[in-house]
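A.B. asks: Note that the working numbering has the sequence shown beginning at 1, numbered continuously upward.
A portion of the hints provided could be inaccurate.
Unchecked claim - With a straight-line Cα cutoff of 35 Å, these simulated DSBU-like cross-link-like pairs (lysine-lysine) come out:
#1 Lys225 / Lys120
#2 Lys177 / Lys111
#3 Lys177 / Lys225
#4 Lys111 / Lys178
#5 Lys225 / Lys111
#6 Lys225 / Lys178
As the list claims (entries may be wrong) - Just the calculated beta-carbon pair ranges, DEER-fashion:
#7 Ser161 / Arg211: 27 to 33 Å
#8 Thr197 / Ala318: 21 to 27 Å
#9 Gly215 / Glu45: 23 to 29 Å
#10 Ile49 / His194: 44 to 50 Å
#11 Glu32 / Glu53: 38 to 44 Å
#12 Glu315 / Arg196: 31 to 37 Å
Calculated directly from the structure, the hints in this document are not laboratory data. Note that CB positions come from ideal geometry on N, CA and C, so glycine has one too.
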Amino acid sequence: MTLATQTMTRPRARTRKPQLDSGRGWPRDIGEAFARPPGPYTLDEVAFILEEEPVELLNGWLVRQEMTDLYERRFVSNLGSALDLAAREAGFGQVLGDQTECVLSNGSVVKPDVALISWKRMATAVPMGPLLRPTLIGSPELVVEVRSPSNRRTQEIFKRSFYFANGTRIVWDVDDKKREVWVYRAEQPDRPAHLRTDDMLTCEPLIPGWRRRLGDLFEERVSAKTLAGEVAVKWVAEGKAQGIAEGKAQGIAEGKTQGIAEGESRALRALLPTLARLRFGAEVPADLPATLAALSDEQLLRLQTGVETAATCAEWLAMTLESDSAPRPYSAAG
Numbered sequence: 001m002t003l004a005t006q007t008m009t010r011p012r013a014r015t016r017k018p019q020l021d022s023g024r025g026w027p028r029d030i031g032e033a034f035a036r037p038p039g040p041y042t043l044d045e046v047a048f049i050l051e052e053e054p055v056e057l058l059n060g061w062l063v064r065q066e067m068t069d070l071y072e073r074r075f076v077s078n079l080g081s082a083l084d085l086a087a088r089e090a091g092f093g094q095v096l097g098d099q100t101e102c103v104l105s106n107g108s109v110v111k112p113d114v115a116l117i118s119w120k121r122m123a124t125a126v127p128m129g130p131l132l133r134p135t136l137i138g139s140p141e142l143v144v145e146v147r148s149p150s151n152r153r154t155q156e157i158f159k160r161s162f163y164f165a166n167g168t169r170i171v172w173d174v175d176d177k178k179r180e181v182w183v184y185r186a187e188q189p190d191r192p193a194h195l196r197t198d199d200m201l202t203c204e205p206l207i208p209g210w211r212r213r214l215g216d217l218f219e220e221r222v223s224a225k226t227l228a229g230e231v232a233v234k235w236v237a238e239g240k241a242q243g244i245a246e247g248k249a250q251g252i253a254e255g256k257t258q259g260i261a262e263g264e265s266r267a268l269r270a271l272l273p274t275l276a277r278l279r280f281g282a283e284v285p286a287d288l289p290a291t292l293a294a295l296s297d298e299q300l301l302r303l304q305t306g307v308e309t310a311a312t313c314a315e316w317l318a319m320t321l322e323s324d325s326a327p328r329p330y331s332a333a334g
């Protein structure tokens, strides 16, 4: 009987919310958790805690995750937005932010900072725990982990070995302070590529053709056009072609300009829901795409620049009511 089957067949009558103590006696990190004998906790017993708190279940022990700071979250948001848009356009899958639970073959539950998951693997999620919530069995194809000050190299090696043993193909180990990334691949887990700001980050073979200059992803005000990359280029080209065709009656130049503008706005409307989900999570309303469709370019730009500073999703959406003039999201290129 598999772990999933064992968990799913437990009677729901036993469901109760355990009290979260101060963490006294919990291991400090993954290394300490696996240096101990197996702990007393199972997924069923700590499902509520895993859902509500930044903790992972490692070798039967609860281990607190160190929270990322504002600048680390900015990088995670930039990277997640760029990857999510490209993954969807390529028909590969989508990006999920932190606190996405992944149940490993040894019974541990980990939560990557960023997870790129294929539609195929997403479809294998099964109901688990007393709440029967859809849960990923195994780990995502690509995992991003942002280093915290307390992380030790042995901890990072330990966790990567679990990811690779459970289906991950690529791990990006991010040092936000130094603006560097180590790229580990399942076929050569001990030979990472060390990337600095001027190097190009790629996602082969998961998303062929995806390339971003690493330094751009750390920037404070990286544009939506930069994040969207080749997706924006494609949409602008499509908009340009459509505009030229529609504008022949009015003149080729007018049609070309209109097409570029339409393509740029389309890219921004597609990117903003991803930025919002990564920033505000469940607060994002289901009708956000319809709301964005009715906004002007100035309003869209206010949302793009304000997503990292707004405290709530409601506050973010209220920025569309501001009356100050803002520049267009992109400069129209010939």
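A.B. asks: Look at each hint and say if it fits the structure.
C.D. replies: Here is how each hint holds up against the structure:
1. Lys225 / Lys120: Roughly 28 Å between the alpha carbons, so the hint for Lys225 and Lys120 holds.
2. Lys177 / Lys111: holds, 22 Å
3. Lys177 / Lys225: This hinted pair holds, its Cα atoms lying about 25 Å apart.
4. Lys111 / Lys178: Between Lys111 and Lys178 the Cα gap is close to 23 Å, so the pair holds against 35 Å.
5. Lys225 / Lys111: Roughly 29 Å separates the two Cα atoms, so the pair holds.
6. Lys225 / Lys178: Since the Cα atoms of Lys225 and Lys178 sit roughly 25 Å apart, the hinted pair holds (cutoff 35 Å).
7. Ser161 / Arg211: 27 to 33 Å: holds, 28 Å
8. Thr197 / Ala318: 21 to 27 Å: violated, 35 Å
9. Gly215 / Glu45: 23 to 29 Å: violated, 45 Å
10. Ile49 / His194: 44 to 50 Å: Hint violated: Cβ distance 37 Å, outside 44 to 50 Å.
11. Glu32 / Glu53: 38 to 44 Å: violated, 18 Å
12. Glu315 / Arg196: 31 to 37 Å: holds, 36 Å
In summary, the structure is inconsistent with hints 8, 9, 10, 11 from the numbered list given earlier, while agreeing with the others.
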